[in-house]
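In order, the protein sequence lines correspond to chains A and B. For what it's worth, our numbering labels the leading residue of the first sequence as 17, then goes sequentially. For what it's worth, our numbering labels the leading residue of the second sequence as 17, then goes sequentially.
Keep in mind that the hints were calculated from the coordinates and are not lab data. Please note that a few of the clues may not be correct.
Identical chains blur together in the list; that is why a pair holds if it fits in one copy or across any two.
Said to hold, decoys possible - In silico DSBU-like cross-links for lysine-lysine, where the CA-CA straight-line distance does not exceed 30 Å:
| no. | residue 1 | residue 2 |
| --- | --- | --- |
| 1 | K137 | K162 |
| 2 | K137 | K28 |
| 3 | K28 | K162 |
Number of protein chains: 2
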Amino acid sequence: MTDRLNEAIQIKRAADRGRYDTETINAIADAGLVAHVGTIRDGQPVVIPMFCVRDRDHLLLHGAPAAGVLRRARAEERTICVEMTLIDGLVLARSAFHHSMNYRSLVVIGIPDEVTEESEKAHALEMFVERLIPGRQADLRPNNQKEIQGTAVFRVSLEQASAKVRSGPPIDDDEDYELDIWAGVVPTRLAMDDPIDDPRLLPGVSVPANVTAYVRGD
Amino acid sequence: MTDRLNEAIQIKRAADRGRYDTETINAIADAGLVAHVGTIRDGQPVVIPMFCVRDRDHLLLHGAPAAGVLRRARAEERTICVEMTLIDGLVLARSAFHHSMNYRSLVVIGIPDEVTEESEKAHALEMFVERLIPGRQADLRPNNQKEIQGTAVFRVSLEQASAKVRSGPPIDDDEDYELDIWAGVVPTRLAMDDPIDDPRLLPGVSVPANVTAYVRGD
């Protein structure tokens, strides 16, 4: 797949950490919540965080700040860069130099396309809610026409994508393995804590099972 | 402070969430581990994740992928955009439309400057290690000359910075507060789990107290 990749997404530094397979790319996209979207504005690079969800072979982006930026990129047929990174651990080596992090990162280059067809847009909006809490959409009142029209949704193809992954223990210099310094990995993850009720909840309404199950990781 | 801000970092959407005070900006920089750095390459925006730490009134960036990108921006006197985002919670409203996330994000625009003076660079490299685990540097063998020369460190001033913060419960449409739908917030945070020993640890070397204390949040 590498040969048809945009130059900008080819992994050059630590090239052995580069991955181009769909499985790795999809897994990172599915695990991330926020994408960091790079565009050019008045000749300057600008990066904006946006809620992001994968739908088959593309990423969906939405949110108020997204609309202007992405619509402009689309109108000018300019690529944007969508980056997602998951921090998996602190890598503590025997020398400062070999300290690192374990991570999975994804970089996608593409021209955003607006999702305007009504059923596709309804599906996309549902994907965002389901990404936050699986099963949530069924508990909500349906979207009204004003809400659907008031939300801009864009898609970016995953065709031009590359991933970079570091995992495992520190890699120290050969002679440093003789030192009696502790080394290892502190695993990190995005943890969820117990749900906090909205202060204006109606009496008797309790946390639904799908929320509790998701928070617990069931 | 707003009046001397670069146009690119002014918060326009949800402007009530914009913050420009040093305290908020520093707190986000200190809580983040990874920055998403936007540059322009062959006319296209590119975003790369980089380990980032604050030192007084600027951010320090380093890492192999950083060197070429940042050195080029410096040589061409081009600004880069450094963005950091912390996800603090999933905001679950009564309608899909008002679902959101609690977050703290930071955007900094500046021309990177390379840290080359020897003592400043040694200090900067120490800051990176101490950011991973406070107190770690003292447990390591000292950096050698080759390591110091082999690591490129850059700084970006925090003068042109803005933050955006969402916190608290969902904000629903007035009439939706009458619905018996559960709403609230699922708090999220970057959690650390028990350290994993390097498989090549010398016998009798155990996890130091500073690592354990940091993981436990003491």
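So, going through the hints one by one against the coordinates:
1. K137 with K162: Intra 13 Å, inter 55 Å, cutoff 30 Å: intra-copy only.
2. K137 with K28: between (37 Å within a copy, 25 Å between copies)
3. K28 with K162: Between copies only: 22 Å across chains, 46 Å inside a chain, cut-off 30 Å.
In summary, the structure agrees with every hint in the numbered list given earlier.
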